[in-house]
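Make a model of the complete structure from these sequences and hints.
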Amino acid sequence: MDKINIEKSNALAVDKMMSARPILVGVGRASDLIPNMQANLILHAGPPITWEKMSGPMKGAVIGGIIFENLAKNEEDAISMIEGGEIEFAPCHEFDSVGPMAGVTTASMQIYEIVNSTDGNKAYSNLNEGYGKVLRYGAYSEDVIKKLRWMNEEVAPVIADALASSDHGIDIRQLLSEALHMGDEGHNRNKAGSILYTAKLAPLIAKHCDNSSIASDVLQFLADNALSVLNPVMAGCKAMADAAHGIEGSTIMTVMARNGTELGVRISGLGDRWFTGPVGQPVGLYFPGFTSDDASGDIGDSTITETVGIGGFAMASAPAIVTFVSGTPQDALNATMEMYEITVSEHKHFTIPALDFRGTPVGVDIRKVVELGITPRINTGIAHKDAGVGQVGAGLVRPPMSVFEESLVAFAEHYGILD
Amino acid sequence: MTHIVNEVRSGTYYDSVVLMQLQKSILALKGVLDVGVMMGTEANRDVLEQSGLLTEDSKYAAAEDLIIAIKAESAEKGKDALDSVDMIMSQRQSSQTSQDFRPRSLITAVRSLPDARWVLISVPGRYAVDVALEALDLGKNVFLYSDNVSLDDEILIKKSSLEKGLLVMGPDCGTAVINGVGFGFANVTKIGPVGVVAASGTGLQALIVSLDGLGSGVSHAFGTGGRDLKDKVGGITSKQALSLLAGDNDTQVIVLTSKPLASEVAIDLIRFINTLNKPVVVNFLGFVPLVTRIGNVFFAKTLHEASDLAVKLSSNLDSITMNTPVSNKEFAPSQRYVRCLFSGGTLAYETLLVLNTFAEGVYSNIAINSDYKLHDASVSKEHTVIDMGEDEYTLGRLHPMMDYDLRLRRLRQESEDEETAVILLDVVLGHGSHPNPSAELAPMISDVKSAALSEGRYLEIVVLVIGTENDPQELSVQIESLRRAGAHVETCTDKAASYVGNIIMGLSPYLINIKSLEGSDIDQVTQVSSIINVGLEYFHESLIQQGVQSTHVDWQPPAQGNEKLMDILAKMKS
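Chains as they are written, first to last, in our numbering: chain A, 1 to 419; chain B, 1001 to 1574.
Careful: at least some of the hints might be erroneous.
[Stated by the list, open to error] The calculated BS3-like cross-link candidates involving lysine-lysine, where the alpha carbons are at most 27 Å apart (straight line), are:
1) A:Lys133 to B:Lys1024
2) B:Lys1024 to A:Lys8
3) A:Lys8 to B:Lys1571
4) B:Lys1573 to A:Lys3
[To be verified] Covered stretches of chain B, going by a simulated chain A footprint (3 or more residues, C-beta under 8 Å):
5) 1018-1029
6) 1103-1109
7) 1555-1565
Don't read these hints as lab results, they were simulated from the structure.
Quantities reported herein were computed from a predicted structural model and do not represent experimental measurements.
Note that beta-carbon positions come from the ideal geometry of N, C-alpha and C, so glycine has one too.
Encoded structure:
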């Protein structure tokens, strides 16, 4: 057996995760920013998946992505391109990226660029489209594509200029720390964070955008959307998680993501191997007219927030959304308390006022997950199972235990622990 | 005919999730078909319109307005539902219950209750070992109620506790009372001067009840688990508990009780107790020594007799003289055994029986237990008692009471054996016996003692003299002569045997090394204001009832009982 010290490796991994300092530095084209990005490559949320196995919202978003890229004019053409093998798919996570829900990211899309100023690693995420009929929920009608183009051509350049003119970019870790004290948990509730984000951009936009009408539209777009900051936050979390990845002998989970069909995790000490299992069905509250029968399987890379100790793990900081976890502020506290059971540390920077400013539970140790039979809690939006309908609710879901059991066995085999 | 009703409330703000919950509650009302409760943003109004829930009233609602839109079976039902909104919202607030978090792991419980010194474990035996070892690693004492723990695992746990200066009661320990707090099954008794150590649950209960009934009370009562006094475990917990009580200012007298046990272990404990400085009443059921007391060990035959004796001792503490155990420092390491060379058969028998309280396995040519029968009486083995008045020695010779020749030769033979520490001989005076035994014995005694000394060994010679002043040999003359030669002289058989017994008890090795007991600290053991419970919730509730701050661990089998995964996890920990 290799001489590994799991405790030490985990301490190192979680320290790198907490010490990472993701800075939002700019906005640019995916093909320019993401290494090896290809024109016919579609990045998607979760672990690898084939077209045949994709869920409704994922298929819809893929078709929308192809149309957006002008690779096809309509659904029919897009599908025949896919079936003809002209389109390639890969997880966002394999290209330093993350995307909410379907997570579809294509070559000409404008994306956020995050740099971890501690370790220098970069991470990317697309722009948040707001609510209603949106690509990330699998909608690809003309108005959806039109909105995407407007975001790409009008909104993104304004934000890019604003960021370029800022002295140091926007410190996402600092923003999150503050938002957690304002009722956010960083995944399902990003209201405070989005306001903070808009407040940071507003003076820069006012100063550097020549067209006040466009400036107004962009600011309105950012201010109206309580999820504006979700995407930069996710990329920030990705930069933190990546800093903790690849530590020899570490059993810390560094990726957890869903593609609507399968949930996949990666473990710091097990390289780039995915461990996958079927996604769960979120339990939660539904918008008027919808029930759990309408829900898609769990989807999105936004679980990167839980991976680095916020989101469902920081539930105690978000009393406004406690009804997701059955109702009372005590339940929210218990939700966070439970996650301390499976993590190796308490966050140095993310703290919870209601727990006397205790750090959030951070660094999921697969050993603890398997031993105690407690899987990570995930706060999530719920997508409609059919492409293009959009969000139908929000709630709580857990990954399948099998992915943790399999990764534990693989860890034991990889490090010769059973020899 | 369905009916749509809307209500717009201006200037209110609710988080959308609160509203979704409200919506769910309204939907549950009788006669309600669909509900939308949303802030009046344009997007939300569109959603309501598409769902067919929007009326003219709400069409111009602002983003700051709350829209409550209800589709009901009738206008009346719709209105009823609207009227219930305030009630539902206030209800939600008041029905918020506060339920404390229940930790799933011991480590989390320890973090939430860091001052707890005890962990009560009642999980299935298969898992109890790991939980107990974890508790010890976390610096906690363990009350292990679980049974079906293997003997090897018990030894593992107890050795770990010994190293760490912690106490493990159990496995299969059902009862303990510390500072008046009952662990597991326990009676409510008065607090008092008697400390209890019991390798038997009901024994403990009967004892403390009896002490209470006699008007006395209990300082602390430690259970040890029924197997603590098996030879392989060596009474680790019992000895720890005895040490703790010996150092406890609230404890004046200690009672130790056990179901029938191996005499080897009993003797080991008696020897151990003699290193303590408190009177200890010992009741080992079925172990009936010929003496009533060895040093500070007071023997009692029954549980009630034990409690009675303990109460009497505790009220007469000043009158108890504590025997100082015989110092053994002069003996060489090889010297461990006694050799008794008797001329009187009954004296040999009594000595043999008394010595059986001090030493396991005394060999003899007159042994009652055939395991210890000496077949060749001319060669001693370990502890040996020889009756030289037996036929094999008197064939063609005078009785050894008259003729000392054989015994003197045997005395020399034994004195030359490196393993011999003590030699006991009897001298029976009176008509018909040797006219002056000391004249023969004394020179030989000084001779063999100095010969041994020249080889680096201290040889103790004990002589039991049976006689009177009026006997022809004159008792005092004989004693004086023997003492001058360096012998220790006794005139009563059980005293002589006890004297020898104390020496050999001190020379026998302990079943376990108890050096590390010095680290045990009574204060950390008797702190029971907060306790962690793992396993049966019943015990948690019992502690709460007793006013103890208890944290209950919502324990589940590790890896949901999957053996392969448990194996991996165990290997990853080591």
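The hints, checked one at a time:
At roughly 24 Å between alpha-carbon atoms, lysine 133 of chain A and lysine 1024 of chain B fall within 27 Å of each other, so this suggested pair holds. With a C-alpha separation of about 48 Å, the suggested pair lysine 1024 of chain B and lysine 8 of chain A falls outside the 27 Å cut-off, and the hint is violated. Only pairs whose Cα atoms come within 27 Å are accepted, and lysine 8 of chain A paired with lysine 1571 of chain B is accepted, the gap being roughly 16 Å. Between the alpha carbons of lysine 1573 of chain B and lysine 3 of chain A the distance comes to roughly 13 Å, so the proposed pair stays at or under 27 Å and holds.
For a cut-off of 8 Å, the count of residues in the stretch 1018-1029 of chain B with a CB near a CB of chain A stands at 5, and the three-residue condition holds. Closer than 8 Å: that is the beta-carbon criterion, and the stretch 1103-1109 of chain B has 4 residues meeting it against chain A, so the requirement of 3 holds. By the rule of at least three residues with a Cβ nearer than 8 Å to a Cβ of chain A, the coverage given for the stretch 1555-1565 of chain B holds, with 7 such residues.
Hint check: a violation occurs at hint 2 only; the rest are consistent with the structure.
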